[in-house]
Amino acid sequence: MEHRGEKDYCVFRHQSIAIFNKRYAEFADLLYLLSFFLHPGYKEICWTRGTFRNLLMTADEIFKKMGRSNYARKELMHQMKLFCKCEKPFDVELGDTEFLTTWWISIEDSFPEGEDYLVQLALKLLSITPHVAGCERVWSNLGWLYGKRRNRLGLNKIESMHKLSAYYHAHAKQELPYYGIGNTNEEIRNILVDAHLNPGDDLIEVIDDDYESDDIEARIFDEEDDLIISRELNLDANAFIKDLDEIIEDSDNIDMEEENIQDIL
1 MEHRGEKDYC VFRHQSIAIF NKRYAEFADL LYLLSFFLHP GYKEICWTRG TFRNLLMTAD
61 EIFKKMGRSN YARKELMHQM KLFCKCEKPF DVELGDTEFL TTWWISIEDS FPEGEDYLVQ
121 LALKLLSITP HVAGCERVWS NLGWLYGKRR NRLGLNKIES MHKLSAYYHA HAKQELPYYG
181 IGNTNEEIRN ILVDAHLNPG DDLIEVIDDD YESDDIEARI FDEEDDLIIS RELNLDANAF
241 IKDLDEIIED SDNIDMEEEN IQDIL
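Mapping to my numbering: the sequence shown position 141 is 141, numbers consecutive.
The hints are simulated quantities; they were obtained by calculation from the structure and are not laboratory data. Just so you know, even glycine gets a beta-carbon here, dropped at the ideal spot from N, CA and C. Be a bit skeptical, because a hint or two may be false.
[Unchecked claim] List time: in silico DSS-like cross-link candidates among lysine-lysine, alpha-carbon distance up to 30 Å:
1. Lys43 to Lys85
2. Lys43 to Lys124
3. Lys81 to Lys43
4. Lys22 to Lys163
5. Lys157 to Lys124
6. Lys22 to Lys157
7. Lys74 to Lys64
8. Lys22 to Lys124
9. Lys124 to Lys85
10. Lys157 to Lys64
[What the hints assert, rightly or not] What follows is a set of in silico ranges between Cβ atoms, one per label pair, in the way DEER data are often shown:
11. Tyr24 to Arg53: 16 to 24 Å
12. Tyr71 to Cys10: 52 to 60 Å
13. Asp109 to Gly154: 56 to 64 Å
14. Thr102 to His171: 25 to 33 Å
15. Gly154 to Leu82: 44 to 52 Å
16. Glu186 to His78: 32 to 40 Å
17. Phe111 to His39: 38 to 46 Å
18. Asp96 to Cys10: 37 to 45 Å
19. Glu98 to Met57: 15 to 23 Å
20. Ser160 to Asp109: 52 to 60 Å
21. Phe111 to Ala170: 38 to 46 Å
22. Leu126 to Arg53: 15 to 23 Å
23. Tyr71 to Leu31: 22 to 30 Å
Between the sequences and the hints, there should be enough to build the whole structure, so can you do that?
As structure tokens, this is what we get:
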């Protein structure tokens with residue numbers, strides 16, 4: 001960046017921040033942040049003012065939906081405060097090769113039986129296994145909606161078509177008069193696809209929806225000045241910047257090596 005002009009630097013900075021913000025927005029969910037908070041390996045992470053309260057409210061809402069008593073919900077918040085301050089029994093460090101579930105299970109006997117509320121919440125959240133089944137299903141549905149002549153559909157139209165298809169699949173008995181009359185589930189499925197998703201060429205109206213790429217580009221590369229993640233985490237904390245000098249020094253060494261190679265060539 002030393003060889004770039006001030007204008008190029010500003011453009012690069014704004015675009016980089018916008019890209020980081022766009023990516024972070026995909027994960028800026030309180031459930032994700034709560035799971036991150038419950039990772040014992042990141043106790044040194046410093047949250048911005050007000051974030052911890054949001055995490056408390058999120059955990060309380062989860063326990064409420066689980067049908068827990070008011071006493072259990074209050075104790076959960078108390079245990080979260082102890083965990084945040086690294087007070088007993090949460091003052092044990094996570095081993096380099098230790099699993100998260102092992103660490104949390106080892107804390108169970110520090111509380112009366114059945115009152116390890118934070119342990120229960122942590123095991124519930126951290127046991128969720130990511131998978132791509134839902135993503136694959138979405139792409140399969142998109143394969144039905146799109147075709148050789150229907151590849152310029154706008155986002156709103158695709159969303160409406162998918163909602164219509166999902167509704168008829170879920171309410172086939174009430175909405176489709178031919179449901180169950182000598183037809184198998186697979187045959188009914190094919191009827192739905194033919195009737196609502198794959199109309200004949202004579203019924204296809206070539207619709208040139210306004211392409212939204214310009215708007216998307218404008219949102220992605222909007223001149224942002226602040227990282228959204230800085231609203232949740234204190235990026236100036238020592239946990240984030242303690243190794244920054246070493247990273248910069250390594251980067252400078254790499255640049256010098258590249259310059260030496262260029263001189264040799």
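How the hints compare with the structure:
The hinted pair formed by Lys43 and Lys85 meets the criterion: a straight-line CA distance of about 9 Å does not exceed 30 Å. Between Lys43 and Lys124, the direct Cα distance comes to roughly 19 Å. Compliance with the 30 Å bound is thereby established for this hinted pair. Between Lys81 and Lys43 the CA atoms are separated by roughly 12 Å; this keeps the pair inside 30 Å, and the hint holds. Proposed proximity of Lys22 and Lys163 is supported: the alpha carbons are some 26 Å apart, at most 30 Å.
Between the alpha carbons of Lys157 and Lys124 the distance comes to roughly 37 Å, so the proposed pair goes past 30 Å and is violated. In summary, the hint linking Lys22 to Lys157 is supported, as the alpha carbons are separated by about 23 Å, within the 30 Å threshold. Taking the CA atoms of Lys74 and Lys64, the gap is near 11 Å; set against the 30 Å cutoff, the hint holds. Restraint check: the Cα-Cα separation between Lys22 and Lys124 comes to about 28 Å, which is no more than 30 Å; the hinted pair holds.
A distance of roughly 22 Å separates the Cα atoms of Lys124 and Lys85; the hinted pair therefore holds under the 30 Å criterion. Simply put, Lys157 and Lys64 have alpha-carbon atoms about 37 Å apart, too far for the 30 Å limit, and the pair is violated. Range check, Tyr24 to Arg53: Cβ separation about 20 Å, and the 16 to 24 Å hint holds. As the Cβ distance of Tyr71 to Cys10 is approximately 55 Å, the hint placing it in 52 to 60 Å holds.
Judged by the Cβ atoms, the range 56 to 64 Å given for Asp109 and Gly154 holds: they are separated by roughly 57 Å. For Thr102 and His171, the Cβ-Cβ distance of about 46 Å falls outside the hinted range of 25 to 33 Å, so the restraint is violated. Take Gly154 and Leu82: their Cβ atoms lie about 51 Å apart, and the range 44 to 52 Å holds. One distance hint, 32 to 40 Å for the beta-carbon pair Glu186 and His78, is violated here, with the actual separation near 55 Å.
The given range of 38 to 46 Å is broken by Phe111 and His39, whose C-beta atoms sit roughly 20 Å from each other. For the hinted restraint 37 to 45 Å between Asp96 and Cys10, the CB-CB distance of approximately 41 Å keeps it satisfied. Hint check: Glu98 to Met57, Cβ distance near 30 Å, so the stated range 15 to 23 Å is violated. One distance hint, 52 to 60 Å for the beta-carbon pair Ser160 and Asp109, holds here, with the actual separation near 54 Å.
Evaluation of the 38 to 46 Å hint for Phe111 and Ala170 yields a pass: the beta carbon distance comes to about 44 Å. Against the hinted window of 15 to 23 Å, the Cβ-Cβ separation of Leu126 and Arg53 comes to about 22 Å, which satisfies the hint. At about 24 Å, the CB distance of Tyr71 to Leu31 agrees with the hint of 22 to 30 Å.
In terms of the numbered hints stated before, the structure departs from hints 5, 10, 14, 16, 17 and 19, listed from lowest to highest.
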